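K.L.:
Please arrange chains Y and E on chain X, whose structure you already have, making use of the hints.
Read off the chains here:
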Amino acid sequence: MVPLSWYLILSAILFSLGVFGFLLKRNIITIFMSIELMLNAVNLSFVAFANYWNTHPAKLASGANVVPLSGHVFVFFVMVVAAAEAAVGLAIIISVFRTRETLNVDQVNLLKL
Amino acid sequence: MIIHQILFIIFGIICVAGAVNLLVQRHPINSALSLVVVMASLALIYLLLGAEFVAAIQVIVYAGAIMVLFVFVIMLLNAGSEERTRGSHIAFFVGVPGVVVLAGTVAWLLIHSGGQLGSIKISASDFGNTQDIAHLLFRDFLLPFEITSVLILIAIMGAVVLGRKES
Amino acid sequence: MNQPSLNLWVIPLLPLIGAAINGLFGRRFKNAVVSTVALLFTAASLVWAVHAVWTLWPGGDRPYIETVATWITAGSFSAPFGFYLDQLSMIMVLVVTGVGFLIHVYSVGYMAHEGGFYRFFTYLNLFMFFMLTLVLANNYLLMFVGWEGVGLASYLLIGFFFQKDSAANAGKKAFIVNRIGDFGFLIGMFLIIQHFGTLNYADVFGKIASGHYTPELGWGLFTAIGLCLLFGATGKSAQVPLYVWLPDAMEGPTPVSALIHAATMVTAGIYMIARSHAIFNLAPHALEIVAIIGCLTAIFAATMGITQTDIKRVLAYSTISQLGYMVLACGVAAYAAGIFHLMTHAFFKALLFLGAGSVIHAVGGEQDMRRMGGLRKKIPITFWVMTAATFAIAGFPPFSGFFSKDEILGAAFHNHFGGPVLWVIGVITAGLTSFYMFRLWFMTFFGEYKPGAIDEGEEAHAASAPAHVAHTAASHSHGHADDEAHGHGHVHESPWIMLAPLVILAVLSVVGGWVGIPQFMSGGQNHFEHFLAPVMESGPPTSTQAAVPVTGNDTISTHAGPPSEENAGQEWLLAGTSVAAAVIGLFFAWLLYFKRRDLPGLIAAKIHGIYLLVLHKYYIDEGYGAIFVKPLLALSTVVFWHGVDQGIIDGLVNGAGSTSKGIGNELRRMQSGNIRSYAAWVAVGGAAVVAIMIWLGVGK
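Protein chains in written order, with this note's numbering: chain X, 1 to 113; chain Y, 1001 to 1167; chain E, 2001 to 2700.
Some clues are possibly wrong.
In silico lysine-lysine, DSS-like type, Cα no more than 25 Å apart, as pairs [stated by the list, open to error]: (1) K2377(E) to K2595(E); (2) K2378(E) to K112(X); (3) K2378(E) to K2450(E); (4) K59(X) to K1165(Y).
Here are the simulated distance ranges between beta carbons [what the hints assert, rightly or not]: (5) L1109(Y) to H56(X): 14 to 24 Å; (6) W2695(E) to L110(X): 20 to 30 Å; (7) G1163(Y) to L110(X): 19 to 29 Å; (8) L1109(Y) to S2660(E): 40 to 50 Å; (9) Q1131(Y) to H56(X): 50 to 60 Å; (10) H56(X) to V1160(Y): 39 to 49 Å; (11) V1160(Y) to L111(X): 18 to 28 Å; (12) V1100(Y) to S2660(E): 47 to 57 Å; (13) S2658(E) to N1030(Y): 29 to 39 Å; (14) R98(X) to Q1131(Y): 43 to 53 Å.
Here are some of the chain Y residues that sit facing chain X, going by a computed Cβ distance under 8 Å [unchecked claim]: (15) V1038; (16) A1107; (17) W1108.
No wet-lab data here; the hints were simulated from the structure. None of these values were measured; they are calculated from a predicted model. For every residue, glycine included, the Cβ atom is placed at its ideal position computed from N, Cα and C.
For reference, chain X alone in the conformation it holds in the complex (with noise of 0.2 Å):
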């Protein structure tokens, strides 16, 4: 019987961790692993509202149920798109390492005015 607000503050105590690990790191591999923990974060939220909404059934604006386990469908479209941008993510990281020789963030930085 854990209530769901549980579950949902720590999807944002997950959440957060990762936005802080975005702004604070200078690493871009580890920027991307609080990327996908900000994923991961939200995925939690989506199954859990996933469970509730089997056992309290809910209705959409228009008057159709809410299909519960369309949670976790969405979940896995999340992993999917999740999968191929870190991928290409990572593909673009080893191509800028090549040119700038440095993992660090705030090197790259002559996109400026």
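P.N.:
For chains Y and E alone, kept in the frame of chain X given last:
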């Protein structure tokens, strides 16, 4: 049941500890391993929520593939410990408070009125099984499914192109 | 009106067209074409003016008013482009066009070797346009347009040799001092508008006539208007205290001095006062001040004239003095006498200036009289016409100057306010006039011709050296600029194109006064005064001509009444006294500058202090400079330039620019290229959005 709560708290603390460790560690490989811990504990929490399929693919895809990819790249690039360089003051002074405000607001809201939300039960065993998800995925959400396959194809091509050495 | 339209508007317009043609295209024309255009339009204007006067002469409706268009309409006030022809403006228009035409002819010869030939005639025609607008206008506003315009033309022409600093400064000085006077004129016009609601002569004078005003109002509206108008006149007509521009105006070419600063422009103030006589007649205190100023100016300028060594400067001070006479005449309400003197003065003063120009041309640009002498055998025609002019200005009968000056003095004597005092000062001035004019005559034409040497026996020149010799040396180089190239090695007579106007003016100087022979001499009426009588009545202009001879005196009994038999003896006495003064002046001039040429030097040495004071024009220019000019310049530089303009205005404008730059610089720092700061901003933005959504939407 109280064991539900205890399990949730244990796994939650492991999760948060792993996330904090990710922030605290200097070497990215340590951060990567912490992230694996986070994902594993999240998979366990999913099991608590009765999402078997999601827990499985979390372990297989996230912890097993994506994190391995991260670790490969870290080793490939020979990333060392982070040096202390001049960072962005804005990030520190603006971003951090902003997120604190956000998180705090959400947390306050949930604590305050979360009681109106109900609670999660460890549900019946036929919730979240693969068959139902497959039904949804291949019937109602077929189009997004196909599009994601195209997305993966594009991502593969992009990764290959970007990862090539300049000749 | 039954008579045909005279189209007076053509008269000013013709010289304007000439000015436009010469101004726009004259640079490419040859001198002959430029002068033909200028002379043609001036002559056409003269012909038209004569025709208009001839048409209106035998009677008909005078004044003739024609309105061409409405210029300004503002509420209940409206000012038209309108023209006004009555006896007063008839005389003025004939003088302006006639003398102006003669001077144009003269200038063709005088300026033949100068640069900027077309420019000169453009400005000259432009001046004619403005002056004719001034005298023919039917309302004060249009007159003011002409007033300002002649000031402008004067500035352009005085500074004609603008490469010279002294000429440019003189032009500026003339314009600025004129403008100070114009301030008074404007205030006067505003008072008129406020009280009468209109500026048209016919309306204002009509309202005055029918308004039952009496002079016993004393210090009041009319006095205020009169004093303001007087201030304007002192600027334009070079009276005390605004006369200082006229001597410096001699920097301009000699025909300019003749036309503008002798015959026409400086008389505008007199004309204005005469035109506004209805207002002045109702303000006896203002008239008293007018008389005082005129008298003061006359004698003041005369004293300065006796020490000058530049031939044109002597004539300049003489002009100021004679204008003082005219203002004095207006001040004793003898407006007709003032206009009479204006006319005769135009003749002989223009002649004097043109003759001086002829002398200067003959000696190759020299203007210092001490370097002249003995010219009467070498340039005889010039000598004889200058003689005629000198006798005329000195007031010897039967020349024209005698009649006009004597009428003024006679009217002054009979004035109820300080009459005899004014008369005495006037007579002394006449003596001084005679003295310095004959001094000029003797120094220029008699004795020996010694170019280049300054006679040590003459007045001490050490103090005057910086001012005068430098001036004359400089003017020597420009006053007749190309004479070196001309190969003038000897004194020669001027060409006929310069002499012909001189002769015509000389004839006029001799006979011009005969139209105003006073009653006590001729037994008949004074034709001139009778002619102007209907204008000078304070009543509104009526269409019925006064068939009964009126003496032209006004409702103010400032005269002792029409001259009757017992007064005739007194009149003869007064006339004789002024002639005697002229003779005494001639005698002293003969003594000091012909017979015993060493005397002036001795006298100057004896009264060295006073002599220097007078020679330096009583240091008035320096005084004005210290009291008015320097503080104003300091105020302008420190407060207005540095303080307001550079500090405030530039500060505002530049400040706006630099503020924008500063803000931009600050905003630019957001685009640092640093990924983490971008992320931070995104996080903050997202947090803000969520917070707002929670606060707004989740109201439960």
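K.L.:
Look at the Cβ atoms of V1160(Y) and L111(X) and judge whether their distance stays inside 18 to 28 Å.
P.N.:
Between V1160(Y) and L111(X), where Cβ atoms are some 25 Å apart, the hint holds.
K.L.:
Given the hinted pair K2377(E) and K2595(E), is their alpha-carbon gap at most 25 Å?
P.N.:
19 Å, holds
K.L.:
Given the hint of 29 to 39 Å, check if S2658(E) and N1030(Y) actually sit that far apart at their C-beta atoms.
P.N.:
51 Å, violated
K.L.:
Can the restraint linking K59(X) and K1165(Y) be considered satisfied, given a maximum Cα separation of 25 Å?
P.N.:
Judged against 25 Å, a Cα distance of about 53 Å means the pair is violated.
K.L.:
With 20 to 30 Å as the target window, see if W2695(E) and L110(X) comply at their CB atoms.
P.N.:
Given a distance of about 40 Å, which is not inside 20 to 30 Å, the answer is violated.
K.L.:
Regarding V1100(Y) and S2660(E), is the given constraint of 47 to 57 Å on their beta-carbon distance met?
P.N.:
Violated, at about 35 Å.
K.L.:
Taking the least C-beta to C-beta distance, is A1107(Y) closer than 8 Å to chain X?
P.N.:
6 Å, holds
K.L.:
L1109(Y) and H56(X), beta-carbon distance inside 14 to 24 Å?
P.N.:
About 19 Å separates the Cβ atoms of L1109(Y) and H56(X), which means 14 to 24 Å holds.
K.L.:
Mind checking the hinted window 50 to 60 Å against the Cβ distance between Q1131(Y) and H56(X)?
P.N.:
23 Å, violated
K.L.:
Is 43 to 53 Å right for how far apart the beta carbons of R98(X) and Q1131(Y) are?
P.N.:
Given a distance of about 47 Å, which is inside 43 to 53 Å, the answer is holds.
K.L.:
For the range 40 to 50 Å, tell me whether the beta carbons of L1109(Y) and S2660(E) fit it or not.
P.N.:
43 Å, holds
K.L.:
Take a quick look at whether K2378(E) and K112(X) sit within 25 Å of each other, Cα to Cα.
P.N.:
Not satisfied, since the Cα-Cα distance of roughly 91 Å exceeds 25 Å.
Checked against the numbered hints given earlier, this structure breaks hints 2, 4, 6, 9, 12, 13 and 17; the rest are met.
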